[in-house]
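Student: What follows is the residue order along each chain.
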Amino acid sequence: MQIQYIFELIGTLAFAISGALAGDERQKHDWFGITFIAFITAIGGGTIRDLFLNSYPLVWFKDMNIVYTIFLGIIMSRLFYKKFNQLKLTLMLFDTLGIALFTIVGLEKAQSLGANDFISVVMGMFTAVLGGVLRDTLINKTPTIFVQEIYATACIIGGVIYLILDDLQLDRNINFIISGSVIAVIRIIAVKFNLSLPKFYK
Amino acid sequence: MQIQYIFELIGTLAFAISGALAGDERQKHDWFGITFIAFITAIGGGTIRDLFLNSYPLVWFKDMNIVYTIFLGIIMSRLFYKKFNQLKLTLMLFDTLGIALFTIVGLEKAQSLGANDFISVVMGMFTAVLGGVLRDTLINKTPTIFVQEIYATACIIGGVIYLILDDLQLDRNINFIISGSVIAVIRIIAVKFNLSLPKFYK
Amino acid sequence: MQIQYIFELIGTLAFAISGALAGDERQKHDWFGITFIAFITAIGGGTIRDLFLNSYPLVWFKDMNIVYTIFLGIIMSRLFYKKFNQLKLTLMLFDTLGIALFTIVGLEKAQSLGANDFISVVMGMFTAVLGGVLRDTLINKTPTIFVQEIYATACIIGGVIYLILDDLQLDRNINFIISGSVIAVIRIIAVKFNLSLPKFYK
Numbered sequence: 002m003q004i005q006y007i008f009e010l011i012g013t014l015a016f017a018i019s020g021a022l023a024g025d026e027r028q029k030h031d032w033f034g035i036t037f038i039a040f041i042t043a044i045g046g047g048t049i050r051d052l053f054l055n056s057y058p059l060v061w062f063k064d065m066n067i068v069y070t071i072f073l074g075i076i077m078s079r080l081f082y083k084k085f086n087q088l089k090l091t092l093m094l095f096d097t098l099g100i101a102l103f104t105i106v107g108l109e110k111a112q113s114l115g116a117n118d119f120i121s122v123v124m125g126m127f128t129a130v131l132g133g134v135l136r137d138t139l140i141n142k143t144p145t146i147f148v149q150e151i152y153a154t155a156c157i158i159g160g161v162i163y164l165i166l167d168d169l170q171l172d173r174n175i176n177f178i179i180s181g182s183v184i185a186v187i188r189i190i191a192v193k194f195n196l197s198l199p200k201f202y203k
Numbered sequence: 002m003q004i005q006y007i008f009e010l011i012g013t014l015a016f017a018i019s020g021a022l023a024g025d026e027r028q029k030h031d032w033f034g035i036t037f038i039a040f041i042t043a044i045g046g047g048t049i050r051d052l053f054l055n056s057y058p059l060v061w062f063k064d065m066n067i068v069y070t071i072f073l074g075i076i077m078s079r080l081f082y083k084k085f086n087q088l089k090l091t092l093m094l095f096d097t098l099g100i101a102l103f104t105i106v107g108l109e110k111a112q113s114l115g116a117n118d119f120i121s122v123v124m125g126m127f128t129a130v131l132g133g134v135l136r137d138t139l140i141n142k143t144p145t146i147f148v149q150e151i152y153a154t155a156c157i158i159g160g161v162i163y164l165i166l167d168d169l170q171l172d173r174n175i176n177f178i179i180s181g182s183v184i185a186v187i188r189i190i191a192v193k194f195n196l197s198l199p200k201f202y203k
Numbered sequence: 002m003q004i005q006y007i008f009e010l011i012g013t014l015a016f017a018i019s020g021a022l023a024g025d026e027r028q029k030h031d032w033f034g035i036t037f038i039a040f041i042t043a044i045g046g047g048t049i050r051d052l053f054l055n056s057y058p059l060v061w062f063k064d065m066n067i068v069y070t071i072f073l074g075i076i077m078s079r080l081f082y083k084k085f086n087q088l089k090l091t092l093m094l095f096d097t098l099g100i101a102l103f104t105i106v107g108l109e110k111a112q113s114l115g116a117n118d119f120i121s122v123v124m125g126m127f128t129a130v131l132g133g134v135l136r137d138t139l140i141n142k143t144p145t146i147f148v149q150e151i152y153a154t155a156c157i158i159g160g161v162i163y164l165i166l167d168d169l170q171l172d173r174n175i176n177f178i179i180s181g182s183v184i185a186v187i188r189i190i191a192v193k194f195n196l197s198l199p200k201f202y203k
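Residue numbers (my numbering), protein chains in the order written: chain R, 2 to 203; chain S, 2 to 203; chain H, 2 to 203.
Next up, chain R with everything else stripped away, as it sits in the complex (with noise of 0.2 Å):
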């Protein structure tokens, strides 16, 4: 099994958490209704990636372990969702290590299928972002992209090293690796520190 194989169901697995929790805040959600957040969440950003990249099957639909992976985010949400909201910091670096991994992914997918590196870089941050977007708007709160710290930014940033150390010939396993950690590290310092990208209107 491939190393990015594990990081995409540690992905999945972040992002069905951090979207069965989004439905606890409003405290008012059925068991289906968390479970459909999470799945949106989880596959929302590479869904609409393969409809983009006319590719077929959906990664979920040839895949039962990514839809495995999701229940047992559920389950997990279910079952320590007051530790995990406690644990703030926790769900903010799954979520961290989840767009890590999938801006890598979607890139990496987009590339192999013909997009030139504008396009493939869109499309990683789509993979990685999407599902927030798609998670925000359902339970209609502006989606978290507009209105945080750096997030998005960071997997472009990524994206475009990814690139540039492809490029040079590195090796690919590494180069996943050290565009992830670059996503992770701009994505947690930006918390830290409360950074954010310049209002765009003064």
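Keep in mind that the hints were calculated from the coordinates and are not lab data.
Treat the hints loosely; a few may be bogus.
Where chains are identical, the list cannot tell them apart; a pair therefore holds if satisfied intra-copy or between any two copies.
Lysine-lysine pairs mimicking BS3-like chemistry, simulated, CA-CA at most 27 Å apart [said to hold, decoys possible]:
hint	residue 1	residue 2
1	Lys200	Lys83
2	Lys89	Lys200
3	Lys84	Lys110
4	Lys29	Lys63
5	Lys29	Lys193
6	Lys83	Lys63
7	Lys89	Lys110
8	Lys142	Lys193
9	Lys200	Lys29
10	Lys200	Lys142
11	Lys89	Lys63
12	Lys29	Lys89
13	Lys200	Lys84
14	Lys29	Lys84
15	Lys200	Lys63
16	Lys110	Lys200
17	Lys63	Lys110
18	Lys142	Lys29
19	Lys84	Lys193
Assemble the complex: chain R is given as a structure, and chains S and H must be docked to it using the hints.
Tutor: What follows is chains S and H alone, placed relative to chain R:
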């Protein structure tokens, strides 16, 4: 003409009416707005299913009867909306017929395109409920599947029963009627006795 | 280079600006957020059309001029947003140019892919208006097509006129200009005289 096809048109009519009346609650939509919402409600679920399954052309692109049926639903809504709104029960029954029929139609289509059991049930449920999710998101309501009585769950149960009976080699038409009826009966009982799924978080 | 292609780029620029300025109303979006909304507004309609028509690769995946045009629109918005907001009329004219051009571009594309007349008109209208629907949904506004002056209706009328003139064997370029002008004129008259469609329910 297949009996399933007639069922599909009846489901389409029911959803078009439900979409056209959803706009009514706010009283501000014009003719275009209502038409748009009625279409999204009636074809949204099937369209997303077909995009996910890579099944082209989309049903409403090749079959104008679907389109005529939706316009019929819009005209009926305009003529009878006072009656319809008095008769919430009638409407709920139409909607219940819609989800029962669309679930099995969607499940069978996914199966015929080679989807596994899990995905087939999910595609059936998506066909039934996603039009309503889009409708609610467009008019800025929290999608009813998240807050209401047993709804999507009835579709999932009916889908699973269809698969079990299909495995037992039951005739497809009889199976369609039995599984669809299960969905309808569960929904009606849930509404009548105000049953709902347990909240995910206590 | 075809005249239509230049029209498409002008329409893209107009929509990118309209998207970038939509974020302004809330004053809180950062650089990434504005860029994201500008892209969605400019390419959302065409992307949904292409997904529905199974037309790959998506336009913006293969033509970087579209991407450069959107970035140009974003930069122009930043430089001139005070001017733009004083000049609501200028903006409305840009947007009107956008829907006029995108309607005919989308209609012709659908036709060339074998869609029937009804679907071609709908695809033209979708190309013109769905980017704005996504923009409004993302920033939690009721989509303007539901509440404002004659907008999508102008696209539909222009599309129908295109089909009629096409049936009469009118030269395609002349037809493009006539039908597009009809859309623009209807919209401008509707704005000037504050015309709107009748409400669906009295």
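Student: Failing hints, ascending?
Tutor: 3, 4, 6, 7, 11, 15, 16
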